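Residue-level listing of the chains:
2 protein chains.
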Amino acid sequence: MNGEIRIVPIQGIGEILPGSDLGLLLFRAMQAQQLKFQRGDILVVTQKIVSKAEGRVVHLDEVQPSEFALAFAQEFNKDAAHIEVVLRESRRIVRMDHGVLISETRHGFICANAGVDESNAGGARILTLLPLDPDRSAGKIRARLQKLVGEGADFDIALIISDTWGRPWREGQVNVAIGVAGMAALTDYRGQSDPYGYQMHASMIAVADELAGAAELAMGKIDSIPAALLRGYAYQPDTGSGKTLIRNPATDMFR
Amino acid sequence: MNGEIRIVPIQGIGEILPGSDLGLLLFRAMQAQQLKFQRGDILVVTQKIVSKAEGRVVHLDEVQPSEFALAFAQEFNKDAAHIEVVLRESRRIVRMDHGVLISETRHGFICANAGVDESNAGGARILTLLPLDPDRSAGKIRARLQKLVGEGADFDIALIISDTWGRPWREGQVNVAIGVAGMAALTDYRGQSDPYGYQMHASMIAVADELAGAAELAMGKIDSIPAALLRGYAYQPDTGSGKTLIRNPATDMFR
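Chains as they are written, first to last, in our numbering: chain E, 8 to 262; chain Y, 8 to 262.
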């Protein structure tokens with residue numbers, strides 16, 4: 008029987024700087040709101056604070072745009088330095104139309120602007136880039152938190168790094184998982200039978216994406232809540248990887 | 008300040024038949040688990056039980072496949088009657104490759120197999136079709152529930168009808184909203200300022216999709232839980248429509 012799931016926003020983390028100990032800041036913020044990790048908790052952390060802590064930021068003023076970036080920016084009234092950074096973060100352009108750049112990042116993710124975002128850091132013109140290896144980032148934060156909890160090797164929590172992306176066909180953005188540690192990002196129901204003895208055949212659920220989206224509901228956009236705790240979802244323990252959420256090119260008809 | 012959100016699975020709804028009073032069955036199932044609606048609750052109901060209650064089912068044995076359906080089915084070892092029903096529910100084929108049919112439904116949704124699903128009803132070879140007008144279905148169930156609650160005109164709850172769909176670029180399926188009543192499906196942060204005085208420019212969040220995905224986490228696939236209650240999310244009251252989640256063709260580069 009499935010039980011209730013709770014989503015709790017984590018507040019008061021404060022400004023993140025390059026080198027910030029994110030695990031410690033998250034742990035302290037949870038302590039400050041009387042929140043203790045329990046076995047099986049999932050912490051969702053937004054990409055933006057992970058990128059900031061890892062120094063994955065670029066000052067727009069320091070970027071020298073290429074001719075290609077300049078031409079595209081001029082045609083669509085965009086910032087050439089911003090376009091240049093998106094190109095540098097991309098290994099392939101999927102679409103380049105109406106002033107929108109959809110590209111495949113070096114990790115293999117397909118998203119708008121290669122995940123490059125203008126940041127709200129102190130009013131400066133700064134871009135945040137995706138972490139170089141979001142799974143590794145997730146693993147590090149998770150390991151730090153598990154150590155701070157100090158419960159021993161069998162104390163299992165999962166960690167998801169989320170980002171806010173658009174989708175083809177559907178309006179609006181949703182939070183998705185780009186880095187995962189400690190749980191299987193996909194739950195595979197294929198081959199199992201439902202209560203009527205009927206064989207399920209196409210049910211591989213991207214639970215890490217659903218968890219990231221659920222966390223967004225508690226975060227909002229304006230209130231600067233960069234993390235949320237999910238409790239009560241029985242994830243499947245696993246090394247975990249956001250890369251398992253990248254569709255196999257052989258079955259992807261839109262790449 | 009954002010607070011905690013709870014996701015509560017609704018169990019024990021039982022078998023749904025054409026003409027079933029879904030609002031009443033959901034209300035009774037909630038009562039049986041000591042769960043009372045509160046102002047601002049959101050109920051997510053899966054498409055499958057809505058379609059069954061509305062008689063949107065087709066017996067595969069009664070379908071006469073066209074030549075076109077027969078040829079496609081034969082090439083990819085599919086059921087021709089199933090393909091025929093998908094074609095009838097489609098107004099346009101977006102992709103037809105590797106045996107996969109991505110089409111635009113008569114509502115304008117783009118998804119695999121026009122949302123046609125093999126059902127687990129009693130072991131028979133039955134397909135469920137999407138509701139003819141999912142917003143209308145959502146509105147009807149919501150109105151019925153509000154009447155059963157009997158709290159008066161200012162008692163506001165929202166209702167979402169969800170379905171489980173795949174996505175380009177990303178592996179696995181997620182729950183999305185196809186019918187919405189009582190809340191805005193999108194939350195528009197554009198033009199607002201964040202805590203640093205920074206203007207947000209591309210943040211329209213598809214909260215109805217995130218709510219549908221969050222509900223899926225409490226439902227699972229095998230346990231036959233066709234509804235979940237979400238409490239604590241401050242939605243924006245609105246007539247609501249799942250159609251607002253259909254991307255404007257002018258900005259959709261993948262249709």
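Note that these hints are calculated values from the structure, not bench results. Where hints are given, some of them may not hold.
[To be verified] Some chain Y residues close to chain E (C-beta under 8 Å, calculated; not the full set):
hint, residue
1, G19
2, L31
3, L32
4, P175
5, W176
6, M211
7, A213
8, D216
9, A221
10, E223
11, I253
12, R262
[What the hints assert, rightly or not] Rough simulated footprint, nothing fancy, chain Y against chain E, three-plus residues with beta-carbon under 8 Å:
hint, stretch
13, 69-78
14, 246-254
[Claimed, not checked] Now the stretches of chain Y that chain E is said to cover, found in silico as 3 or more residues with beta-carbon under 8 Å:
hint, stretch
15, 12-18
16, 104-115
17, 179-190
Treat the numbers as computed from the prediction; the structure is a model and nothing was measured. Ideal Cβ placement from N, Cα and C applies to all residues, glycine included.
Verification of the hints:
The closest approach between the C-beta of Y/G19 and any C-beta of chain E is roughly 10 Å, which is over the 8 Å cut-off, so the hint fails. Among the interface hints, the one on Y/L31 is violated; its C-beta lies about 22 Å from the nearest C-beta in chain E, farther than the 8 Å criterion. Restraint check, Y/L32 versus chain E: the minimum CB separation of about 17 Å is more than 8 Å; hint violated. Look at Y/P175: its Cβ gets to within about 4 Å of chain E, closer than 8 Å, so that hint holds up.
Below 8 Å, beta-carbon pairs count as interface contacts, and Y/W176 has one with chain E at about 4 Å; its hint therefore holds. Interface hint status for Y/M211: upheld, as the beta-carbon distance to the closest one in chain E is roughly 5 Å, under 8 Å. Using the Cβ-Cβ criterion of 8 Å, the hint placing Y/A213 at the interface with chain E is satisfied: the shortest such distance is roughly 3 Å. Interface hint status for Y/D216: upheld, as the beta-carbon distance to the closest one in chain E is roughly 5 Å, under 8 Å.
At a threshold of 8 Å, the smallest CB-CB gap from Y/A221 to chain E is about 4 Å, leaving the interface hint in force. Interface hint status for Y/E223: upheld, as the beta-carbon distance to the closest one in chain E is roughly 6 Å, under 8 Å. For the restraint placing Y/I253 at the interface with chain E, the shortest Cβ-Cβ distance is roughly 7 Å, inside the 8 Å limit, so the hint holds. Checking Y/R262 against chain E by beta carbon gives a least distance of about 6 Å; that is within 8 Å, so the hint holds.
Check result for the stretch 69-78 of chain E against chain Y: violated, 0 residues qualifying (beta carbon to beta carbon below 8 Å, three or more required). Residues of the stretch 246-254 of chain E with a Cβ under 8 Å from some Cβ of chain Y number 4, which satisfies the need for three, so the listed coverage holds. Coverage of the stretch 12-18 of chain Y by chain E holds [criterion: at least 3 residues with CB-CB distance below 8 Å; count 6]. Requiring three or more residues with a Cβ within less than 8 Å of a Cβ of chain E, the coverage given for the stretch 104-115 of chain Y holds, as 4 such residues are present.
Residue count for the stretch 179-190 of chain Y with a Cβ under 8 Å from a Cβ of chain E: 5. That meets the three needed, and the coverage hint holds.
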